[in-house]
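Single-letter residue listing:
Number of protein chains: 2
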Amino acid sequence: MDLGTYLHEKKIIIEDTLRDICSSFSTSPGMLRDAMEYMLFSNGKRIRPILAIAACEAKQKSSDDLLPFACAIEMIHTYSLIHDDLPSIDNDDLRRGKPTCHKVFGEAVAILAGDALLTEAFRVMADTRYTERIHLKIIRQIIFEIAMAAGAEGMVGGQVMDVLYDGKEGTKNILNFIHTHKTTSLIRTSVRTGSIIGGAKTKELTRLTRYGECIGFAFQIMDDLLDAEGNEEIVGKRLKKDTSKQTYIKHYGIVASKIRIEQLIEEAIESVEFLGGNSKILVELARFIGNRAL
Amino acid sequence: MDLGTYLHEKKIIIEDTLRDICSSFSTSPGMLRDAMEYMLFSNGKRIRPILAIAACEAKQKSSDDLLPFACAIEMIHTYSLIHDDLPSIDNDDLRRGKPTCHKVFGEAVAILAGDALLTEAFRVMADTRYTERIHLKIIRQIIFEIAMAAGAEGMVGGQVMDVLYDGKEGTKNILNFIHTHKTTSLIRTSVRTGSIIGGAKTKELTRLTRYGECIGFAFQIMDDLLDAEGNEEIVGKRLKKDTSKQTYIKHYGIVASKIRIEQLIEEAIESVEFLGGNSKILVELARFIGNRAL
Chain A
1 MDLGTYLHEK KIIIEDTLRD ICSSFSTSPG MLRDAMEYML FSNGKRIRPI LAIAACEAKQ
61 KSSDDLLPFA CAIEMIHTYS LIHDDLPSID NDDLRRGKPT CHKVFGEAVA ILAGDALLTE
121 AFRVMADTRY TERIHLKIIR QIIFEIAMAA GAEGMVGGQV MDVLYDGKEG TKNILNFIHT
181 HKTTSLIRTS VRTGSIIGGA KTKELTRLTR YGECIGFAFQ IMDDLLDAEG NEEIVGKRLK
241 KDTSKQTYIK HYGIVASKIR IEQLIEEAIE SVEFLGGNSK ILVELARFIG NRAL
Chain B
1 MDLGTYLHEK KIIIEDTLRD ICSSFSTSPG MLRDAMEYML FSNGKRIRPI LAIAACEAKQ
61 KSSDDLLPFA CAIEMIHTYS LIHDDLPSID NDDLRRGKPT CHKVFGEAVA ILAGDALLTE
121 AFRVMADTRY TERIHLKIIR QIIFEIAMAA GAEGMVGGQV MDVLYDGKEG TKNILNFIHT
181 HKTTSLIRTS VRTGSIIGGA KTKELTRLTR YGECIGFAFQ IMDDLLDAEG NEEIVGKRLK
241 KDTSKQTYIK HYGIVASKIR IEQLIEEAIE SVEFLGGNSK ILVELARFIG NRAL
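Residue numbers (my numbering), protein chains in the order written: chain A, 1 to 294; chain B, 1 to 294.
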């Protein structure tokens, strides 16, 4: 199967599961559901849940059991986009080619829709309707790992530093903190979650984790590059607005940024060599992330 | 032990645990931690975790195992206060007699501090450092119940309706939805969480749940009364600002509101009669909630 077909098929499976999850909070206020679904189904690439599925399947395990966790990660990613776009944070009015959540539903409902997506993500993982068949110890471990990756020492921590150093001088250390926390953290955990459900042994998990870290970091450098050099219509959001932010381009320049992406993708690919032929999709996904449309 | 001493002792235990939890995210950005701790230690009454402890102890079980869950509930309550106070939601500049979180740390950090508190609440419950001794099935059940109570069909759902019906005509049904979701939901779950850790059987849990619902609803009517008739210095926030909101006073008047509180407190007390002498603290807590300083 070529990567395009793989991405398309997995996206459908993920979105079917997300739709089923949305039907499970049917007694919530209509406008709240609308705001949550507006952003949840706004043509996202589903990179994080697809990485989780690919890691699970690389261990030759069906990803059926993984789907609720993979969707929980996508819900957490979606909440983070809604909150990041708010006027007091990044003040974006366009996301994936559509008006941002607060532009459509107002700031109050957007904040609350983000809160609800984050809360429901944890509900789904602990809901017997979705994870009955999973060993309880695994559920606990994955909830813990995802909360760590998304919380004060993970994604939110990175986002706070991103806000605090907007318009400031900054250092390479600060940049590194922001990129590893804001973006890498949740991507790394997506790969780990898929690997854990796939039954990866300790040493395998270490290698797969490194794969996740490398593509997570490359993903954020690519985001910086797209902001500097990308096409607004293809990328689907306002570009050239990160000039005041801590970006890889700002601290290292465009050429070094492209070289760093290549190095990271190579390291990611080496990290999953132990999987032999089963690494095919993970390898192609790494290359795909290293070559997003510029 | 009289109720004043009980409240004081439990508050110390809860705050010691909360401080220990805060030390567990020590690698997060300093300003994020400061904002989380500013609101987490702003002289809250700790009603929710104390109710959980009282329910647990009413079943003659030590509340040691319960503490991480009780603190997780308090963290979720705290995040909801930070987000409720934001300019685009309730636009409050005073809470518990102090400037609100966004007044001190700015809107962006306040939003993110709320996000972090919510995420870390789930992390704590799944963290072996805190809940190693608890049966995994119980951990899963409590995470599920708390997420349900706090999410789209619980607290956040109620908050959305509160925002949407601000300044609108509204109906008694709408008021009932807001009060049962925005406030009652998490208080009910506090009592349930304590009861579950305390080992309550199905029938006992049903009675204790009813106790939680009654005091939760009474608590919100009392909040409406305090806003209409209270003393700003004692209550610690700006009052007489809910005139555009759906309140019990608006739909039923002051006299009927006071009568309803009394009825709810009586029903709460009756609901825990089955506990005999062990109901003492729960009964006193119900009376305490029915008599908050006017």
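These are computed hints drawn from the structure, not numbers from a lab.
Please read these numbers as outputs of a predicted model, since none were measured by experiment.
Each residue gets a CB set at the ideal place from its N, CA and C atoms; glycine is no exception.
There may be inaccurate statements among the hints.
Pair by pair, the computed Cβ-Cβ distance ranges are [stated by the list, open to error]:
(1) B/I12 to A/I234: 56 to 62 Å
(2) B/K168 to A/K241: 32 to 38 Å
(3) A/K168 to B/S23: 25 to 31 Å
(4) B/N91 to A/K240: 29 to 35 Å
(5) A/T171 to B/I254: 26 to 32 Å
(6) A/I12 to B/N278: 33 to 39 Å
(7) B/E169 to A/K103: 33 to 39 Å
(8) A/T206 to B/K103: 41 to 47 Å
(9) A/R287 to B/E169: 57 to 63 Å
(10) B/R96 to A/N43: 39 to 45 Å
We went through each hint and held it up to the structure:
Taking the beta carbon of each, B/I12 and A/I234 are about 58 Å apart, inside 56 to 62 Å as hinted. Our hint of 32 to 38 Å for B/K168 and A/K241 holds, since their Cβ atoms are close to 37 Å apart. Checked against the hint of 25 to 31 Å, the pair A/K168 and B/S23 passes, with Cβ atoms roughly 28 Å apart. The supplied range of 29 to 35 Å is met by B/N91 and A/K240, whose beta-carbon atoms lie about 33 Å from each other.
For the pair A/T171 and B/I254, the supplied restraint of 26 to 32 Å is violated, since their beta-carbon distance comes to about 60 Å. A C-beta distance of roughly 55 Å is found between A/I12 and B/N278, which places it outside the suggested range of 33 to 39 Å. One distance hint, 33 to 39 Å for the beta-carbon pair B/E169 and A/K103, is violated here, with the actual separation near 27 Å. Remark: the range hint 41 to 47 Å for A/T206 to B/K103 is upheld by a beta-carbon distance near 45 Å.
Under the hint 57 to 63 Å, the C-beta atoms of A/R287 and B/E169, about 59 Å apart, fit the expected range. For B/R96 paired with A/N43, a C-beta distance near 43 Å keeps the hint of 39 to 45 Å intact.
Consistency with the previously given hints fails for numbers 5, 6, 7, ordered from lowest to highest.
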